[in-house]
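Could you build the full structure based on these sequences and the hints that come with them?
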Amino acid sequence: MARIDVHHHLVAPKHIPQLREWGVLTPHLASIMNEKDALEDMDKAGVTLAINSATLPEQAKGEARRAYSRENNDYMARLVRDYPGRFGHFASLPLPDVDGALKEIEYAFDILKCDGVHLITSYENHWLGDKVFAPVFDELNRRKAVIYTHPHGPMCTQGILKEIVIRDSSIEYGTDTTRALVNMLFGGTFQRCPDIKIIWSHGGGTMPFLVERFIRMGKEARYKELMPQGFVAEARKFFYDTAQVLHGSPLLALKHLVPLAQICFGTDYPWRYSDECVNGLIASGAFSAEELKAIDNNAASLFPRFR
Amino acid sequence: MPRIDTHHHLAAPSCLGPLQDVGIIMKHDADAMNASRALEDMDRGGITLAVNSTPAPPRFAIENAARGAAWARENNEYLARLVADHPGRFGMFTALPMPHVDATLKEIEYGLDVLKADGVYLMTSYADNWLGNKIFAPVFEELNCRKALIYTHPHSPYCCTRPLKEILMPDAMIEYGTDTTRAIANMVFTGTAQRCGDLRIIWSHAGGTMPFLIYRLLKTSNIPANAKLFPQGIVAELKKFYYDTAQAMHPAMLTMLRSIVGLEHTVFGSDYPWGESDKCWAELKATGALSEAELSAIEYRNIAPLLPRFRF
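Residue numbers (the working numbering), protein chains in the order written: chain F, 1 to 307; chain S, 1001 to 1312.
Be aware that one or more of the hints could be misleading.
SDA-like mimics (lysine to any residue), calculated; alpha carbons at most 20 Å apart, straight line [said to hold, decoys possible]:
#1 F/K162 <-> S/A1056
#2 S/K1228 <-> F/K103
#3 F/K131 <-> S/I1167
#4 F/K162 <-> S/I1167
#5 F/K219 <-> S/W1274
#6 F/K224 <-> S/E1166
#7 S/K1219 <-> F/T26
#8 S/K1116 <-> S/I1167
#9 S/K1134 <-> F/E163
#10 S/K1279 <-> F/R216
#11 F/K103 <-> F/A64
Computed footprint of chain S on chain F, listed as stretches where at least three residues anywhere in the stretch have a Cβ under 8 Å from a Cβ of chain S [said to hold, decoys possible]:
#12 102–114
#13 127–139
#14 236–247
Derived by calculation from the structure, the hints in this document are not laboratory data.
C-beta atoms are modelled at their ideal positions from N, C-alpha and C, and glycine is treated no differently.
Given below as structure tokens:
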């Protein structure tokens, strides 16, 4: 039985020391961020296939960012070849450099045969769906691409909440996913690009808890064309991964909002071990055994080469 | 059964112009922000008592202590007059000239001792310092000594005001709920909430986005640097807070609140004038998520002990 992890991070080995220096990786994370430890972790948890995305830190800029993306994409393509059926590949793009991103899309899809692309929810002060990224979304739409998204603490929130020991991942990540999701719908990019498929991390960030706000806003006359059946009808077209949402309460909220077929298993390896995630989903009590099997396998529809 | 609304916005008539000038309220909001329109809405919605707070103060009040103090005082005098003029219909949360600590301490004294207010009102952050920040420690200590009831309300923090520039997305949609979550986190992760154990704090909008991020907050609370703050776990702290139902009339939100913190501290809020109380109450019932007993507790029993001067 397939268990597909859509939220799985690896990075080209040569970048690991720099990521440690930048504080993106702790020594422990750095030590297990390689394909051998990843496969051991996957085997322990029955994960048959993990689609890799690279961590792309803000600090990599300009030419370095383009090189960083290219090196990660080459590394991930190698993993796909070397471990048939075990790894897939969401390509890194050097956004906010749109020209660089368009070139990398061509390379990643046509040469490396990637499974989709990995986009961060915002770049500097622009969120996915902003006009500046339109050429990228148009091209991804032309290619009927799968887009895996991942948040970060956006530029505007850097350095806040200085007094407490809390990471950006606790509040700012989920919020940034919500901003991007909402920007894609209320700005009309998603509707304009009906052939793309989008996966939002972490159960949709905080969108399910704020959904009443968006439902109300979606009813306004100016959104009639964009959301003829309302906000939730559009939100149900997205996919949502379960990483870092191992709690019955948010999982049940997600389950009641979107079809089960849109919920995909995700671990956030190496920030979580895969067996912890499998057991966490079971322990949450939010899903029956049948539903959990479906969640394990829902991503299969997105990756034709692994069927 | 009396019905109490703790999320109800009015402001002194002289302040309605400045609030419109800076876009905190629109003209139709200002037109509704007076006692007679409010009472009409309350009567339609079966609201016995509304505890008033002012909308977010304009930046000039936040950035200048003297202007902030004048703004707060003007509003507090007005809200106190409403309490006196309409016995049993209005309560008040004292507006405070935060982040100016000395001026705030003075206004706490005036509001609670002279005006006999029911509590105080705090924004979730001031100039990107969130509640629980050590600069506010004297304020929380004073409020704790007085066992004060604190009503909180979010606004757009400086860092995240209108980040989504290309769509017409009011900050109330995402940024407000997020700011409430930041304030909740800052209060518990600095240990302020634990240290000031006699405070009763109401968080707006069912806790902002806190319930959906509960897994993240649990994990953060368990790391060695934070674990000693939570001898009984973070959820035990979150259960001590109160949560209002304004803008939270959705079955998922209410169900999540019940499963994470229980509904014993859930209180009714309309968000007047941004909500009409009859519609809010009807929507709350129509979610189907609340039993009759829970609805009674939310409209009256949960909040009544915190408002001792009102007896029905």
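* To do: Check each numbered hint against the structure and report the violated ones by number, ascending.
  => 1, 2, 4, 8 and 12
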